[in-house]
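Protein chains in written order, with our numbering: chain V, 1 to 348; chain E, 1 to 600.
If you're looking for bench data, these hints aren't it; they were derived computationally from the structure.
Nothing false has been slipped in among the hints.
Pairs of lysine-lysine residues, derived as PhoX-like cross-links and limited to a Cα-Cα distance of at most 25 Å, are as follows:
#1 V/K327 - E/K405
#2 V/K164 - V/K144
#3 V/K15 - V/K204
#4 E/K166 - E/K246
#5 E/K3 - E/K109
#6 E/K452 - V/K3
#7 V/K342 - V/K332
#8 E/K242 - V/K342
#9 V/K337 - E/K242
#10 V/K327 - E/K246
#11 V/K332 - E/K403
#12 E/K540 - E/K589
#13 V/K337 - E/K258
#14 V/K337 - V/K327
#15 E/K246 - V/K338
#16 E/K257 - V/K204
#17 E/K185 - E/K109
#18 V/K337 - E/K203
What the simulated footprint calls covered on chain V by chain E, stretch by stretch (three residues with Cβ under 8 Å from a Cβ of chain E suffice, anywhere in the stretch; the number is not a length):
#19 70–76
#20 79–88
This one's a predicted model, so the numbers in the text were calculated from it and none came from an experiment.
The beta-carbon is built from N, C-alpha and C at its ideal position, and this holds for glycine as well.
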Amino acid sequence: MPKPIISHPKLPRNKLGLIERDYEGVVSTLCAGCGHDSITAAIIQAVFELDLEPHMLAKVSGIGCSSKTPAYFVSQSHGFNAVHGRMPSITTGANAANCDLTYIGVSGDGDSLSIGIGQFAHAIRRNLNMCYIIENNGVYGLTKGQYSASADVGSSAKKGAANKQSPIDAVGTAIGLGATYIARSFSGDKQQLVPLIKGALAHKGFALIDIISPCVTFNDHEGSTKSYAHTRQFYHHVIDVDFVPPANEIKAAYDDGASMPVELHDGSKVIFRKVDKDYDPTSRAAAFSFLRSSINAGEIITGLLYINEGNGDMHELSGSIDTPLSKIPYEKLNPGKKVLEKLMDRYR
Amino acid sequence: MSKINDFAIKIATVNGTGSASANGLLTKSIFRMGIPIVGKNYFPSNIQGLPTWYEVRVSKDGFQSRSSCIDIMIAMNSQTYSKDMNDIVSGGWLIYDSTWPRSNLLNRKDITVLGIPLSKMCNEHFDGTRTRILMKNIAYVGALAALIDLDLDIITKLLEETFASKKHLAKSNLDAISLGYDYVKEHFSCPLPTMLQPMDETKDHIMMDGNTATGLGCVFAGATVGAWYPITPSTSLMDAYKSFCKQFRMDTETGGKKFCIVQAEDELAAIGIVLGATWNGARAFTPTSGPGISLMGEFIGFAYYAELPAVIFDVQRTGPSTGMPTRTQQCDLLLCAYASHGDTKHVLLFPANPEECFYMAVAAFDLADQLQTPIMMLSDLDIGMNDWICPNLQWDENYQPDKGKVLSAEDLESMEQFYRYFDSDGDGIPYRTLPGEHPKGAYFTRGSGHNKYGAYTEDSAEYQEVVDRLLVKWNTARSMVPAPTIEYSKFNSTAILSVGSCDEAIKEALIRLKEKNIGMNYCRVKAFPFNDDVKTFIDKHEQIYVVEQNRDGQLRSLLILDVDADPKKLISILHYDGMPINAGFVIDKVEEEITKGCVA
Numbered sequence: 001m002p003k004p005i006i007s008h009p010k011l012p013r014n015k016l017g018l019i020e021r022d023y024e025g026v027v028s029t030l031c032a033g034c035g036h037d038s039i040t041a042a043i044i045q046a047v048f049e050l051d052l053e054p055h056m057l058a059k060v061s062g063i064g065c066s067s068k069t070p071a072y073f074v075s076q077s078h079g080f081n082a083v084h085g086r087m088p089s090i091t092t093g094a095n096a097a098n099c100d101l102t103y104i105g106v107s108g109d110g111d112s113l114s115i116g117i118g119q120f121a122h123a124i125r126r127n128l129n130m131c132y133i134i135e136n137n138g139v140y141g142l143t144k145g146q147y148s149a150s151a152d153v154g155s156s157a158k159k160g161a162a163n164k165q166s167p168i169d170a171v172g173t174a175i176g177l178g179a180t181y182i183a184r185s186f187s188g189d190k191q192q193l194v195p196l197i198k199g200a201l202a203h204k205g206f207a208l209i210d211i212i213s214p215c216v217t218f219n220d221h222e223g224s225t226k227s228y229a230h231t232r233q234f235y236h237h238v239i240d241v242d243f244v245p246p247a248n249e250i251k252a253a254y255d256d257g258a259s260m261p262v263e264l265h266d267g268s269k270v271i272f273r274k275v276d277k278d279y280d281p282t283s284r285a286a287a288f289s290f291l292r293s294s295i296n297a298g299e300i301i302t303g304l305l306y307i308n309e310g311n312g313d314m315h316e317l318s319g320s321i322d323t324p325l326s327k328i329p330y331e332k333l334n335p336g337k338k339v340l341e342k343l344m345d346r347y348r
Numbered sequence: 001m002s003k004i005n006d007f008a009i010k011i012a013t014v015n016g017t018g019s020a021s022a023n024g025l026l027t028k029s030i031f032r033m034g035i036p037i038v039g040k041n042y043f044p045s046n047i048q049g050l051p052t053w054y055e056v057r058v059s060k061d062g063f064q065s066r067s068s069c070i071d072i073m074i075a076m077n078s079q080t081y082s083k084d085m086n087d088i089v090s091g092g093w094l095i096y097d098s099t100w101p102r103s104n105l106l107n108r109k110d111i112t113v114l115g116i117p118l119s120k121m122c123n124e125h126f127d128g129t130r131t132r133i134l135m136k137n138i139a140y141v142g143a144l145a146a147l148i149d150l151d152l153d154i155i156t157k158l159l160e161e162t163f164a165s166k167k168h169l170a171k172s173n174l175d176a177i178s179l180g181y182d183y184v185k186e187h188f189s190c191p192l193p194t195m196l197q198p199m200d201e202t203k204d205h206i207m208m209d210g211n212t213a214t215g216l217g218c219v220f221a222g223a224t225v226g227a228w229y230p231i232t233p234s235t236s237l238m239d240a241y242k243s244f245c246k247q248f249r250m251d252t253e254t255g256g257k258k259f260c261i262v263q264a265e266d267e268l269a270a271i272g273i274v275l276g277a278t279w280n281g282a283r284a285f286t287p288t289s290g291p292g293i294s295l296m297g298e299f300i301g302f303a304y305y306a307e308l309p310a311v312i313f314d315v316q317r318t319g320p321s322t323g324m325p326t327r328t329q330q331c332d333l334l335l336c337a338y339a340s341h342g343d344t345k346h347v348l349l350f351p352a353n354p355e356e357c358f359y360m361a362v363a364a365f366d367l368a369d370q371l372q373t374p375i376m377m378l379s380d381l382d383i384g385m386n387d388w389i390c391p392n393l394q395w396d397e398n399y400q401p402d403k404g405k406v407l408s409a410e411d412l413e414s415m416e417q418f419y420r421y422f423d424s425d426g427d428g429i430p431y432r433t434l435p436g437e438h439p440k441g442a443y444f445t446r447g448s449g450h451n452k453y454g455a456y457t458e459d460s461a462e463y464q465e466v467v468d469r470l471l472v473k474w475n476t477a478r479s480m481v482p483a484p485t486i487e488y489s490k491f492n493s494t495a496i497l498s499v500g501s502c503d504e505a506i507k508e509a510l511i512r513l514k515e516k517n518i519g520m521n522y523c524r525v526k527a528f529p530f531n532d533d534v535k536t537f538i539d540k541h542e543q544i545y546v547v548e549q550n551r552d553g554q555l556r557s558l559l560i561l562d563v564d565a566d567p568k569k570l571i572s573i574l575h576y577d578g579m580p581i582n583a584g585f586v587i588d589k590v591e592e593e594i595t596k597g598c599v600a
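Bound-form chain V, shown alone:
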């Protein structure tokens, strides 16, 4: 359902002259209070503030509640709602054909960590240039409440049974596999989310944001470790970042010992505001050990845990030209009649 158009002359406009409403989509059909809708709002704010041309964004998703959300933001960009767990391959092909677009993928814990874990892993391996969001609620919503692979041991389902299998942690998995931008956040923390999404979109390579996004209908009860209450109680803002667009001066005052700017390939920067001075967000080993110790302590650490701007993305790794392949005129792709004639000699 399209939203009614109301515009106010005083609404803030971005560099393209667009208002935030221009980045919205159709009305969400998710349950009232769903964490996913808050993430949608954060995405809208992030792309609005990044002055992204709507048609240069490509939205991709798999199947599940989370994967419906690309319909709810930026209706002026193309969307691709793929089959279950296969969004990474669609994005790989789309990116192979046109590297000029900005890719945002929205997936869920079932879509990414169960049916789609193979594609999730291999998109990381290719360092596919995309922002990959997991809207993680520990449960299958659309099929009414089965555990997902991210459910914690001891977390109980709505009907009371506790989960006994150990969870697949998206962030730990991504560190292990070598993703180049890895963050965790909470749907209820837009302040933290918006710069994380901006950084992920500007990062050239595979950027994962695993976002705890409580399911109000099937996984928000007492005993669940993915509920609003549990997340709020155990969640720690440990490594916040600020996002500074290209050509902007870093204005905020940072305590030198606790902050660290990292420049992204397009000239923008993420500034780490760290709790622990000794934490190095460019060290995979440090990120993994920090993550494990916090999980053992029952804490949900959030923020940008790891970044590596040095690895080439899929195109750099394969050596393809900068022009999007889909834009190369046929004349430059076809070897021509004479070449074929000459080639025939080799087969005689």
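Position chain E against the provided structure of chain V, taking the given hints into account.
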């Protein structure tokens, strides 16, 4: 009895001993003598150690199907002596490595056994185990050259070309040829009555396998994205595409690649990559075989319903399941025609030889873009991996890819509103837009229920309107796909109807049946859905033998399903042992059926 330019040689070796280059040398030399020839490789699913065979058929008449009998056997593998000996026609020859005399095993009285101490000679002449093994194979080519009067100058020139940059290898290969040649000249009376004589029948022809031709077709069609998961027998298709791209698709200014090949984690991802790429306007393809199609099923149905182009090459191998991966069959017809759940059906193309692989690959990309649907081209291991003689491939300089109904930014600018699944032309084919072109072109590509405007729907009438319109498109496809090849005479009331690589066996069978006063017409389908010519052809005959290489008569089923052919008219002739069909089989089966008919 002398047999000039009309005989078959079979070479039995051990996999991994380098016999492929020796066999290639043999066939190419005969080809260069102007004599029609076909070489077929029967290899195991193995890297080293299992038996492998190569069959060379020399045919002055240009028949390219497998020969029914073997005149000369080169038995290089003692594991298979008894089997190999039994394959030889009475009066034929068996050549073996007599370094280890085996007269007790090779005891057929009606053939001539020629022992040549190939290993002994090579061990004395060459150093190094690997070289000795390789050269033993080259030496049997030398021995054969003397026996069948193969032109030594041609062999020499070919070796010099092959090893132009490695002169020492040219020399050792030539030495090995001489070892075999000289020994035979000295010890046996040469040439045999089964021998070669130069002809002029291979001018303006090439020897190429279907996978190479298909890969080349992808380059000429302007395909830029190839995704795949390695699977026999399709792997060499992507190898060919890659190698041609490295020659013809490097940007001269930047050195960057004007192509992107992604080796995917599995076939599910390979087809996903293709769909992502075509969604964005690139021409993209994936080569695979039956097991890959099974895995791609869900996405193929998605592409059918969301209307995305895709080109899939299924180089068929023997099923079911893993089956016999290095043997041939035409067993994926039904799988491909109706791949995926729900009401789906797909356009299929059936090349019969490498030449058609080249042209049909190009046609596949055009059809995929025009029809906005997956196009599957079904070749098989016999076409894909064996070298066939084909006329030189030609290119029409005026060719332009037909990208179908894609709206440009200018089109969109001047439009009131764009609707993705609106059938404004009445041919069932809607207009599409590409991401990144224009904000007005945006739509949500989905496999869930949608109405003609592209919006999500669970409304019965809206849903049905779209799936009914897909049937209109299906009938448009029927008129766009390649027409069948038909040989027709009104004097014949029976006919053969077949597909793909059966073609050579059938053409030869028809000639030989005619010699026995059995005249039959012939229709070879080149695509599914079948166009009206196929229906008309069936209607004109009382009885039709449907020849195909699978157990269940899949082509026959498709004819019944798609053009409502009368099942009683259609008699299956089925060849499905994994080896390529040959003319003798077709003739025997046809005669058997005729006899049955007479008795009844």
